[in-house]
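Asks: The residues making up each chain are set out below.
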Amino acid sequence: MVNKNILIVGVGGQGTLLASRVLGRLAAGLGADVKVSEVHGMAQRGGSVVTHVKFGDKVYSPLISLGDADIILAFESLEALRWSDYLKSGGTMLVNDQRIAPMPVITGDKEYPSDVYEKIRQRVGNLVVVDALSPALDCGSGRVANTVLLGVLAAGMDIDKDIWLKCLEETVPPKTVDINKRAFNAGYKML
Amino acid sequence: MKELMLGNKAVARGAYECGVRVVTAYPGTPSTEIAEEAAKYDEIYAQWSPNEKVAMEVAIGAAISGARAMVCMKHVGLNVAADPLFTVSYTGINAGLVIVVADDPGMHSSQNEQDSRYYAKAAALPMLEPSDSQEAKDFVKLAFEISEQYDTPVILRLTTRVSHSQSVVELEDRMDISLKDYKKDFRKYVMMPAMARERHVNVDNRMKDLSIRANDMDINTVEINDGKIGIITSGIAYQYAKEVLPTASFLKLGMVHPLPDKLIQDFSQKVDTLYVIEELEPFLEEYIKSLGVRVTGKEMFPRLGELSADIIKEKLLGTKGETGSKQPADKGAQEDIPLRPPVLCPGCPHRGVFYVLNKLKLRVTGDIGCYTLGALPPLQSIDTCVCMGASIGMAFGMELGRGREFARNLVAVIGDSTFIHSGITGLIDMVYNGSTGTVIILDNSTTGMTGHQDHPATGCTLKGKKAPMLNLEALVKALGVKRVTVVDPFDLKELENAVRTEIRAEEPSVIISRRPCALLDKNKECISYHCDAELCINCRLCLRMGCPAIENIKDGIRINNTLCSGCGLCAQVCRPGAIKREE
Ligand SMILES: Cc1ncc(C[n+]2csc(CCOP(=O)(O)OP(=O)(O)O)c2C)c(N)n1
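If you're matching them up, the sequences are chains A and B in order.
Counting from 26, one number per residue, gives the positions in the first sequence under my numbering.
Counting from 118, one number per residue, gives the positions in the second sequence under my numbering.
There may be inaccurate statements among the hints.
[Stated by the list, open to error] The list that follows gives simulated cross-link-like pairs (lysine to any residue, SDA-like), each with its CA atoms no further than 25 angstroms apart: (1) A:Lys83 / B:Glu289; (2) B:Lys580 / A:Pro198; (3) B:Lys639 / A:Leu42; (4) B:Lys119 / A:Tyr137; (5) A:Lys83 / B:Asn342; (6) A:Lys206 / B:Lys639; (7) A:Lys135 / B:Asp672; (8) A:Lys200 / B:Ser682; (9) A:Lys83 / B:Asp343; (10) B:Lys671 / A:Tyr137; (11) B:Lys119 / A:Asp183.
[Claimed, not checked] If you want a taste of the chain A side facing chain B, the calculated C-beta under 8 angstroms gives, among others: (12) Val36; (13) Gly40; (14) Lys60; (15) Leu88.
Hints listed in this document are in silico derivations from the structure and should not be mistaken for laboratory results.
Please read these numbers as outputs of a predicted model, since none were measured by experiment.
Built from N, CA and C at the ideal position, the CB exists for glycine as well.
Turn these sequences into a full structure, and let the hints guide you.
Replies: Laid out in structure tokens, this is it:
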């Protein structure tokens with residue numbers, strides 16, 4: 026199996042861990058060697074968070090090196106820009122079109138770059154921007170935007186949809202299986 | 118069966134599989150999930166202790182009574198538990214005792230990046246260090262064997278990237294380990310000078326035996342490949358080095374104390390150039406050099422911060438982080454990207470307190486928890502943060518250093534969990550030695566920073582059982598504080614009045630600022646606020662709250678409804694009354 030490196034970035038509290046856990050479960054189920062590196066603790070309080078998912082025949086370091094991610098899944102635009110150097114040339118960046126102002130912007134010390142996507146395009150060949158929040162709200166809660174994004178990611182990968190759904194079901198809290206499945210499907214159909 | 122699991126969960130699984138009965142801990146990133154996962158097994162009794170020292174003592178008691186026990190903490194927790202640590206090394210154990218300590222190189226969530234390996238050396242205890250989840254589980258089991266065979270506690274050292282990475286683990290069944298008999302043995306367990314002198318000899322002998330055994334332990338592995346480059350390493354550094362140099366020869370040390378002299382010397386003979394790659398201090402390197410072996414270590418690799426495959430690549434091969442085909446953009450380009458430091462959540466009960474302290478321009482000795490974020494802009498209220506519990510002692514020290522007038526403009530702030538952990542003795546000191554200072558206990562009914570653990574004042578245990586609720590007011594009064602006020606931090610006026618009154622008092626006082634953490638009740642209905650642009654005079658006072666839900670727009674502000682949790686603090690500070698509740 027060719028090694029695959031997926032970086033998931035966002036803002037603490039956005040639910041990036043769920044996506045990495047589903048991916049990890051999926052890869053392990055396919056018999057791959059897998060490592061998933063998570064962020065717990067302080068950064069979870071609204072800081073910049075990053076999760077590394079690596080799978081293949083043999084994985085040593087749990088962290089993806091600079092310029093070595095096949096896919097970056099970004100939950101927020103500024104975070105997409107911040108981590109863009111981790112993408113391989115020829116890699117794909119999927120970005121949720123959402124802006125969350127960091128504190129230096131809120132206090133007026135810094136500006137949120139107005140041309141964030143142009144900046145990313147200068148570094149990244151294949152940029153895909155989607156709105157995950159609206160379909161999530163349509164499903165009944167903004168909180169499942171992470172699952173919508175997972176659906177978008179899944180649609181671009183060569184793995185059977187039913188396997189994704191099964192892993193999703195095993196990962197989310199039982200009470201939220203339905204809404205998460207709807208959100209996943211909405212994302213899957215999006216592109 | 119195989120399962121993908123977090124290193125921390127694998128440690129808990131290891132404890133389960135090798136018959137551990139008692140697990141104790143105080144939360145602390147990156148160690149917290151170990152006890153949380155252990156608590157899920159019916160066969161394991163697991164508890165949060167008020168602090169690491171107590172956790173250690175409970176585990177020692179359990180082990181000496183005959184039950185396998187494990188105690189877990191973060192690196193700085195071991196400082197708190199160091200007193201029992203150094204002497205349980207002398208008494209030894211009865212049933213196995215494993216001490217798990219999780220270091221945080223790079224300080225993702227810590228106030229320092231001390232290297233716990235020196236504790237193993239200083240306290241003369243064996244220390245094992247896994248490099249992934251499977252090893253985390255296997256090493257726990259081995260640690261218990263060593264513990265019982267050599268009559269010693271064993272330390273298992275983790276680091277953030279092992280604790281918080283998931284990898285595949287093969288599950289096994291729980292072993293049937295019966296309780297060991299308990300025998301009174303005062304020569305072994307009563308450490309008075311005469312007995313301690315005898316026991317110290319045992320310690321010395323056991324470490325000598327272990328250092329010989331280290332040469333043929335399975336977890337100290339030699340991989341001979343290319344003879345040009347040899348690498349001695351351990352823990353997560355092995356994974357980084359292996360990724361960069363898969364064909365080099367490796368001596369991977371699973372036991373980092375005591376070290377295997379002969380194995381190291383033999384390995385060094387088999388390779389042309391020898392490197393030691395380790396995170397943080399030159400712990401292995403100093404020892405290897407003391408054997409007269411020539412090795413390159415910290416002259417090449419950084420001593421500060423985390424290692425990574427990228428760093429090893431750059432230092433060893435002279436290439437920048439590049440397994441792919443693209444050069445990383447230069448740092449300059451990164452610099453106009455605004456940073457995103459962590460922030461107090463929308464609706465956080467700590468926010469109002471720091472707003473008031475900032476408004477009154479008070480000096481604030483701070484402590485460790487979510488509320489330490491009150492040191493960052495725009496609240497910028499906290500002057501100091503050293504370690505858990507330090508706020509109270511330091512406030513009193515400032516009063517002593519600069520006089521009572523200084524104390525009129527000074528408060529200590531400390532979280533509820535932190536106060537119970539190590540603030541109580543500081544407050545006793547204030548009362549006993551005549552301080553006139555003010556302590557604000559930020560009681561949000563949880564241990565917030567580490568992910569919402571229960572503590573003695575929440576009324577619930579780690580096993581999910583109801584527990585007697587520690588009454589903070591009664592406790593503080595019993596310590597001799599006569600002035601005790603309870604306020605709601607969502608009521609800024611009341612809060613400000615309380616602070617103004619108490620700092621003036623010529624005796625020690627405590628304000629308990631009480632309101633549960635905004636994240637505790639995820640299902641609560643949120644009333645949202647909005648800003649009426651007609652009324653807004655663009656004074657930006659609300660922005661001084663540092664609330665992530667209030668956005669700075671061109672000629673005013675906007676409240677982000679998906680983030681707002683409806684605490685209403687912004688409406689309280691809005692002079693023209695532009696910020697209103699959503700109807
Ligand atoms: C000796 C030690 N043990 C554990 C920690 C990890 N830690 C940091 S803050 C904290 C407690 C936070 O709880 P609390 O005081 O109630 O404040 P909150 O985060 O809820 O605001 C813990 C356990 C530490 N820094 N030092």
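Asks: Would you mind marking each hint as holding or not holding in the structure?
Replies: Cross-check of the supplied hints:
The suggested pairing of lysine 83 (chain A) with glutamate 289 (chain B) holds, with an alpha-carbon distance near 23 angstroms, which does not exceed 25 angstroms. For the given pair, lysine 580 (chain B) sits about 20 angstroms from proline 198 (chain A) by alpha-carbon distance, which is consistent with the 25 angstroms threshold. Among the hinted pairs, lysine 639 (chain B) with leucine 42 (chain A) is consistent with the structure: their alpha-carbon atoms are about 18 angstroms apart, no more than 25 angstroms. With a CA separation close to 45 angstroms, the supplied pair lysine 119 (chain B) and tyrosine 137 (chain A) exceeds the 25 angstroms bound.
At most 25 angstroms may separate the alpha-carbon atoms for a hinted pair to count; lysine 83 (chain A) and asparagine 342 (chain B) meet this at roughly 18 angstroms. Restraint check: the Cα-Cα separation between lysine 206 (chain A) and lysine 639 (chain B) comes to about 21 angstroms, which is no more than 25 angstroms; the hinted pair holds. Proximity of lysine 135 (chain A) to aspartate 672 (chain B) is assessed by CA-CA distance (about 16 angstroms); at most 25 angstroms being required, the pair is judged to hold. A hinted pair counts as satisfied when its Cα atoms are at most 25 angstroms apart, and lysine 200 (chain A) with serine 682 (chain B) qualifies at roughly 23 angstroms.
For the given pair, lysine 83 (chain A) sits about 20 angstroms from aspartate 343 (chain B) by alpha-carbon distance, which is consistent with the 25 angstroms threshold. Of the supplied pair hints, the one linking lysine 671 (chain B) and tyrosine 137 (chain A) holds, its CA atoms being roughly 12 angstroms apart against a limit of 25 angstroms. Restraint check for lysine 119 (chain B) and aspartate 183 (chain A): satisfied, since their Cα atoms lie roughly 24 angstroms apart, inside the 25 angstroms limit. Taking 8 angstroms as the C-beta cut-off, the interface hint given for valine 36 (chain A) holds, the closest approach to chain B being about 7 angstroms.
With 8 angstroms as the threshold, the beta carbon of glycine 40 (chain A) stays out of range of chain B, its nearest partner Cβ sitting at about 12 angstroms, so the hint is violated. Among the interface hints, the one on lysine 60 (chain A) holds; its C-beta lies about 5 angstroms from the nearest C-beta in chain B, closer than the 8 angstroms criterion. At a threshold of 8 angstroms, the smallest CB-CB gap from leucine 88 (chain A) to chain B is about 6 angstroms, leaving the interface hint in force.
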